[in-house]
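K.L.:
What follows is each chain in one-letter form.
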Amino acid sequence: MEAKAINTTQAPTDETLIIRRILDGDTALFRQLATRHAEPVLRMVARLVPSPEDAEEVTQDALLAAFQSLARYDARQAHFRTWLSAIAYHKAIVHLRKQHTEHFIETNPAWFDTIPDSETDALLSDTRHDRLVLLDHAVSMLQPNDQMLLSLYYYDDHPISDIAYITGRNEGYLRSRLQWIRKRIALTIKTLESHDKE
Amino acid sequence: MTKNNQQQDPALRMVMRRRAEAAGRMTLPEDFTDRLMQRIGESESAQKAKRRLWWIAAAACLLLIIGIGVTMWPREETTVMAKMESAQKSQTAQMPQEKIQEKTQTPPRPTATPSLEGKGGAARSYAPQKGKGVAAPSKAFAQRQKPLPDSSAADRLNYYIAHLEAEMEALDDSVRAAHVEKLIAADVRLQQLVNRIVKGDLEQVMNEMKKDSTANYINF
Chain F
1 MEAKAINTTQ
11 APTDETLIIR
21 RILDGDTALF
31 RQLATRHAEP
41 VLRMVARLVP
51 SPEDAEEVTQ
61 DALLAAFQSL
71 ARYDARQAHF
81 RTWLSAIAYH
91 KAIVHLRKQH
101 TEHFIETNPA
111 WFDTIPDSET
121 DALLSDTRHD
131 RLVLLDHAVS
141 MLQPNDQMLL
151 SLYYYDDHPI
161 SDIAYITGRN
171 EGYLRSRLQW
181 IRKRIALTIK
191 TLESHDKE
Chain C
1 MTKNNQQQDP
11 ALRMVMRRRA
21 EAAGRMTLPE
31 DFTDRLMQRI
41 GESESAQKAK
51 RRLWWIAAAA
61 CLLLIIGIGV
71 TMWPREETTV
81 MAKMESAQKS
91 QTAQMPQEKI
101 QEKTQTPPRP
111 TATPSLEGKG
121 GAARSYAPQK
131 GKGVAAPSKA
141 FAQRQKPLPD
151 SSAADRLNYY
161 IAHLEAEMEA
171 LDDSVRAAHV
181 EKLIAADVRL
191 QQLVNRIVKG
201 DLEQVMNEMK
211 KDSTANYINF
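Chains F and C, in that order, are what the protein sequence lines are.
Heads up: the first sequence at position 92 corresponds to 92 in the numbering used here, and the numbers run straight through without jumps.
Heads up: the second sequence at position 220 corresponds to 220 in the numbering used here, and the numbers run straight through without jumps.
None of these hints come from the bench; they were simulated from the model.
Errors might be hidden in some of the hints.
[Said to hold, decoys possible] If we take Cβ atoms under 7 Å as the criterion, some of the chain C residues that face chain F in the derived model are:
no., residue
1, R13
2, M16
3, A23
4, D31
5, T33
6, I40
7, L64
8, I68
9, V70
10, P74
Predicted model only: the values in this text are computed from it and were never measured.
Idealized CB from N, CA, C, for every residue including glycine.
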């Protein structure tokens with residue numbers, strides 16, 4: 001999984017040298033970095049931006065922004081790919097905000113606090129096909145940044161600290177948000193199920 | 001929630017993996033990197049042009065500030081000139097009193113001769129000339145009597161010198177230098193005249209002395 005590649009402590013040291021040479025004026029070397037990281041960035045962006053053309057454009061914007069702000073990259077704070085992922089994340093969110101159309105279903109807010117944690121855990125652990133369909137539907141109803149948060153946490157297996165760096169949010173907020181998202185998904189599933197019964 | 005604070009939620013994980021895999025089937029076109037490097041080149045030249053413009057604008061602002069500073073800076077000359085003028089004005093203010101006393105003590109001043117008047121006349125020549133930077137003489141001078149028609153040139157000279165003094169007080173800076181030059185030239189001529197007269201007188205005296213000595217010699 002690419003998540004493990006990102007989190008490896010054995011970050012390629014040649015990248016730091018390449019970056020130094022790029023900053024010294026050898027801009028053509030950026031092609032090496034782009035070739036290495038463009039595909040993973042595209043796959044991350046595509047989770048939020050389903051259109052291939054849009055995803056490609058956002059990926060290119062992210063790489064261009066990375067080149068323009070290369071002087072600000074600090075290897076002590078994060079790996080280059082994590083830093084690049086942060087840029088790509090923000091570019092994707094901005095792109096989606098321009099185009100995102102809200103299509104939430106109305107959920108009864110009174111239910112929110114009435115769903116116990118155990119019920120939430122059960123709903124999110126049920127791997128039956130029909131439940132997975134409802135779950136997928138509930139996830140697509142979330143805001144783009146919440147979907148990305150789930151993707152980084154559940155698919156990339158990033159620790160909260162890495163996600164905090166990528167998203168620019170603090171860890172406490174992210175933990176609370178994840179809990180809120182889980183309850184929101186559970187509530188949406190219950191609402192959808194109640195609509196189906198009607 | 002699990003003890004290690006990492007949510008298991010297998011169903012949610014499966015959904016997220018499916019979504020990621022669907023997204024991961026996307027691939028980049030072959031010319032993606034070429035197009036990216038082209039955009040990078042364009043953005044670099046645009047940034048260089050912007051930086052050049054900023055430097056030019058900064059230099060232009062600096063020149064403008066220096067230019068404004070130079071033109072607005074008060075010059076020492078004008079400051080000194082202003083002080084001199086104010087000193088002269090304060091002296092002139094005392095002049096009417098002195099000149100009135102002179103009038104009572106000295107004989108009446110000769111008025112302008114017909115010939116002078118015919119040539120433009122004292123009154124006319126000293127009328128303020130519009131647009132030439134020469135302002136009217138002071139009020140004190142206007143009260144003075146004009147030279148008498150039968151007065152001598154030497155007497156009229158004193159009158160004209162007094163008029164000049166008053167006139168110079170009221171001159172604009174733009175014509176003052178030209179007037180000063182004229183005065184200097186007139187002064188040179190006057191000095192030459194005096195030299196000639198004195199020389200002539202001396203020569204005459206010398207000749208007379210020579211005649212006397214020769215006559216004495218003959219008689220002896």
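K.L.:
Run every hint past the structure and note whether it holds.
P.N.:
Structure-based check of each hint:
For R13(C), the interface hint holds, the least distance from its beta-carbon to any beta-carbon of chain F being 5 Å, beneath 7 Å. Interface hint status for M16(C): upheld, as the beta-carbon distance to the closest one in chain F is roughly 4 Å, under 7 Å. Given the 7 Å rule on beta carbons, the hint for A23(C) holds: about 3 Å separates it from the nearest Cβ of chain F. About 11 Å separates the beta-carbon of D31(C) from the nearest beta-carbon of chain F, more than 7 Å, and the hint is not met.
Because the beta carbon of T33(C) sits about 5 Å from the nearest beta carbon in chain F, less than 7 Å, this interface hint is met. Nearest Cβ of chain F to the Cβ of I40(C): about 5 Å, under the 7 Å cut. The hint holds. With 7 Å as the threshold, the beta carbon of L64(C) stays out of range of chain F, its nearest partner Cβ sitting at about 32 Å, so the hint is violated. Hint status for I68(C): violated, given a least beta-carbon distance of 38 Å to chain F, over 7 Å.
Contact between V70(C) and chain F, as hinted, is not supported at the beta carbon level, the nearest pair being about 40 Å apart and thus beyond 7 Å. The interface hint given for P74(C) is violated, since its Cβ lies 48 Å from the closest Cβ of chain F, which is over the 7 Å cut-off.
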